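Using the sequences and the accompanying hints, generate a full structural model.
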Amino acid sequence: MIQFKQVKKKYNNLEVIQNLSFIIHKNDVVGILGPSGVGKTTILKMIAGILTPESGTIISHVKRIAYVFQEPRLLPWKTALDNVAIPLLPLGYNYKQAKEKAAEWLGKMGLRGYEGYFPAQLSGGMIQRVSLARAFAIEPDTLLLDEPFSALDVRLKEVLLNMIKEQLKAAPITVLYVSHMPEEVVRIANRIFMLFPEGTMEEMSVNIGESFKDFLKDAFYKPHAGDAGLACNDTKQRESYACM
Amino acid sequence: MLSLFMHGIVIASPYDSFKALYEMMGTERFQSHLWITTKRIFMGIFWGGLAGFILGLLAGIKEDIKNLLEPMRWSLMSVPPIVAVVIAMLWFGMGSTMVVFVSGIILSPIVYVNTVKGMEMVDKGLLEMGRIYKLSLWLKLKHVYIPAITGPLTAAMVIVTAMGVRIVIMAEVLGASEGIGYAMSIASATLKIPELFAYVIVGFCIVGITEFLVLGPIRDYVLRWKGGHQ
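Residue numbers (this note's numbering), protein chains in the order written: chain A, 1 to 244; chain B, 245 to 474.
I should point out that these hints are in silico values taken from the structure, not numbers from a laboratory. Certain hints may be false.
Stated by the list, open to error - Derived PhoX-like pairs (lysine-lysine); straight-line CA-CA distance at most 25 Å:
hint, chain 1, residue 1, chain 2, residue 2
1, A, Lys45, A, Lys26
2, A, Lys101, A, Lys165
3, B, Lys386, A, Lys78
4, B, Lys386, B, Lys470
5, A, Lys96, B, Lys386
6, A, Lys96, A, Lys108
7, A, Lys45, B, Lys368
8, A, Lys26, A, Lys165
9, A, Lys96, B, Lys378
10, A, Lys157, A, Lys108
11, B, Lys378, A, Lys101
12, A, Lys157, A, Lys169
13, A, Lys78, B, Lys361
14, B, Lys384, B, Lys361
15, B, Lys384, B, Lys306
16, A, Lys157, A, Lys45
17, B, Lys378, A, Lys108
18, B, Lys368, B, Lys306
19, A, Lys8, B, Lys368
20, A, Lys99, B, Lys386
21, B, Lys310, B, Lys361
22, B, Lys384, A, Lys101
23, A, Lys63, B, Lys378
24, B, Lys368, A, Lys10
The model shown is predicted, which means the values in this text are computed figures rather than measured ones.
As structure tokens, then:
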């Protein structure tokens, strides 16, 4: 369980998060939507313990966190295998066991045969799969996904989202998926939070069974000051690809 | 070129220098001087490099240690090598210990500065990743910091090698009874100018061999991850 109680976060004098309160239960798959710069990543970093709030309380019963960053943050001087194996070492694995487990996870991500490649020798999609393998290999109870596929093309995004969905089906864990792309979030989330530029957040009444267009119409594109969705405020625009 | 216009007592021609080198190479005396100087150079680079590297790592990890070491680093970088030689001669007398000590203390600040600066420039994103995945300090040093500073450090080692040769030879000229520096001082005193220039060529060779045959392959190996897409 993760609970935020009246959490505030400032960067210098800019208040990014204001009195934020929410609860995330075990095995919830939560999508956090919102335009760029509203503090989505800040929330993840506070959960991960990288940032501390100015005020308020964060109660976290999380034991092991994995984080998939927007830019994959692989060690460029280590092979794909080592990049997945190294985070296993603090968990008590010896190097041989860590490498075996890393190879298994690279295989699950469709990267068998690429174990010895350095990140500079892999494509963007492969690099993000190594990053996912690194996250899943540590068997986290909470997975933080920070716009992990924003730099990838639609087809690759689809493949990787399916990989995550299958993995979550096989071993459910708590997931927080941050994105400004609603079509990504609705694919895997069972709860969706919308973060607004004023630093506040609302949970959207989203039923994943609804069609995506209904979701957009009813929830995401309701007018909010500074909301990126304002561009899609008439029916014709809303049905266009750009608004999806 | 200069040797065409100047007297042989001022500058030896390349022909005379190489001829003197060829004649010296077969002698036991030359081989002994070369071996002793090479050993001193590598010992000076090794100890100076190791001290600078370890202190640099500590300073990179802890700001307090950096604050403590900075005045010492500044002092060492400000001391003229000749002063270091004179003080070291007082402390250690003439010979290898003095030469290695002088080259070590002159070279260690260069490695120290490059290590500290390299650590300061390590990608913060990678450090954040290490924190999230709970990498210990040892794992961070081994897998994040040290590989990250290898680039600036290998560049520093090229400077250190060239400087190491100069410092060791200078220390030998002033305070040793064997080694290339000592042989150069004798050649100079006895006006054996081709022999003096032959030793200068030997100095070039030591720097060249160390840079291209030792440091080059090491640098290529540790930076092999920079290779392009396959």
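Going down the list of hints, with the structure as the test:
1. The hinted pair formed by lysine 45 of chain A and lysine 26 of chain A meets the criterion: a straight-line CA distance of about 19 Å does not exceed 25 Å.
2. Between lysine 101 of chain A and lysine 165 of chain A the CA atoms are separated by roughly 21 Å; this keeps the pair inside 25 Å, and the hint holds.
3. Taken as a hint, the lysine 386 of chain B and lysine 78 of chain A pair is honoured in the structure, with Cα atoms around 11 Å apart against an allowance of 25 Å.
4. With a C-alpha separation of about 18 Å, the suggested pair lysine 386 of chain B and lysine 470 of chain B falls inside the 25 Å cut-off, and the hint holds.
5. For the suggested pair lysine 96 of chain A and lysine 386 of chain B, the alpha carbons sit about 17 Å apart, so the restraint of at most 25 Å is met.
6. Note on lysine 96 of chain A and lysine 108 of chain A: the hinted pairing holds, with a Cα-Cα distance of about 19 Å set against a maximum of 25 Å.
7. Under the criterion of a C-alpha separation no larger than 25 Å, the hint pairing lysine 45 of chain A with lysine 368 of chain B is consistent with the structure, at around 14 Å.
8. For the given pair, lysine 26 of chain A sits about 17 Å from lysine 165 of chain A by alpha-carbon distance, which is consistent with the 25 Å threshold.
9. Taking the CA atoms of lysine 96 of chain A and lysine 378 of chain B, the gap is near 19 Å; set against the 25 Å cutoff, the hint holds.
10. Distance restraint check for lysine 157 of chain A and lysine 108 of chain A: the Cα-Cα separation of roughly 17 Å lies within the 25 Å cut-off, and the hinted pair is therefore satisfied.
11. Restraint check for lysine 378 of chain B and lysine 101 of chain A: satisfied, since their Cα atoms lie roughly 18 Å apart, inside the 25 Å limit.
12. With a C-alpha separation of about 18 Å, the suggested pair lysine 157 of chain A and lysine 169 of chain A falls inside the 25 Å cut-off, and the hint holds.
13. For the given pair, lysine 78 of chain A sits about 22 Å from lysine 361 of chain B by alpha-carbon distance, which is consistent with the 25 Å threshold.
14. For the hint linking lysine 384 of chain B to lysine 361 of chain B, the alpha-carbon distance of about 17 Å falls within 25 Å, and the restraint holds.
15. Simply put, lysine 384 of chain B and lysine 306 of chain B have alpha-carbon atoms about 14 Å apart, close enough for the 25 Å limit, and the pair holds.
16. Between lysine 157 of chain A and lysine 45 of chain A the CA atoms are separated by roughly 23 Å; this keeps the pair inside 25 Å, and the hint holds.
17. Only pairs whose Cα atoms come within 25 Å are accepted, and lysine 378 of chain B paired with lysine 108 of chain A is accepted, the gap being roughly 24 Å.
18. Simply put, lysine 368 of chain B and lysine 306 of chain B have alpha-carbon atoms about 16 Å apart, close enough for the 25 Å limit, and the pair holds.
19. A threshold of 25 Å between alpha carbons decides the hint, and for lysine 8 of chain A with lysine 368 of chain B the separation of about 24 Å falls inside it, so the pair holds.
20. Simply put, lysine 99 of chain A and lysine 386 of chain B have alpha-carbon atoms about 17 Å apart, close enough for the 25 Å limit, and the pair holds.
21. The straight-line distance between the Cα atoms of lysine 310 of chain B and lysine 361 of chain B is roughly 11 Å, inside the 25 Å bound, and the hint therefore holds.
22. Restraint check for lysine 384 of chain B and lysine 101 of chain A: the C-alpha separation of about 21 Å stays at or below 25 Å, so the hint holds.
23. A C-alpha spacing of about 12 Å is found between lysine 63 of chain A and lysine 378 of chain B, which places the hinted pair at or below 25 Å, so the restraint holds.
24. Distance check on the hinted pair: lysine 368 of chain B and lysine 10 of chain A sit about 20 Å apart at the alpha-carbon level, within 25 Å; holds.
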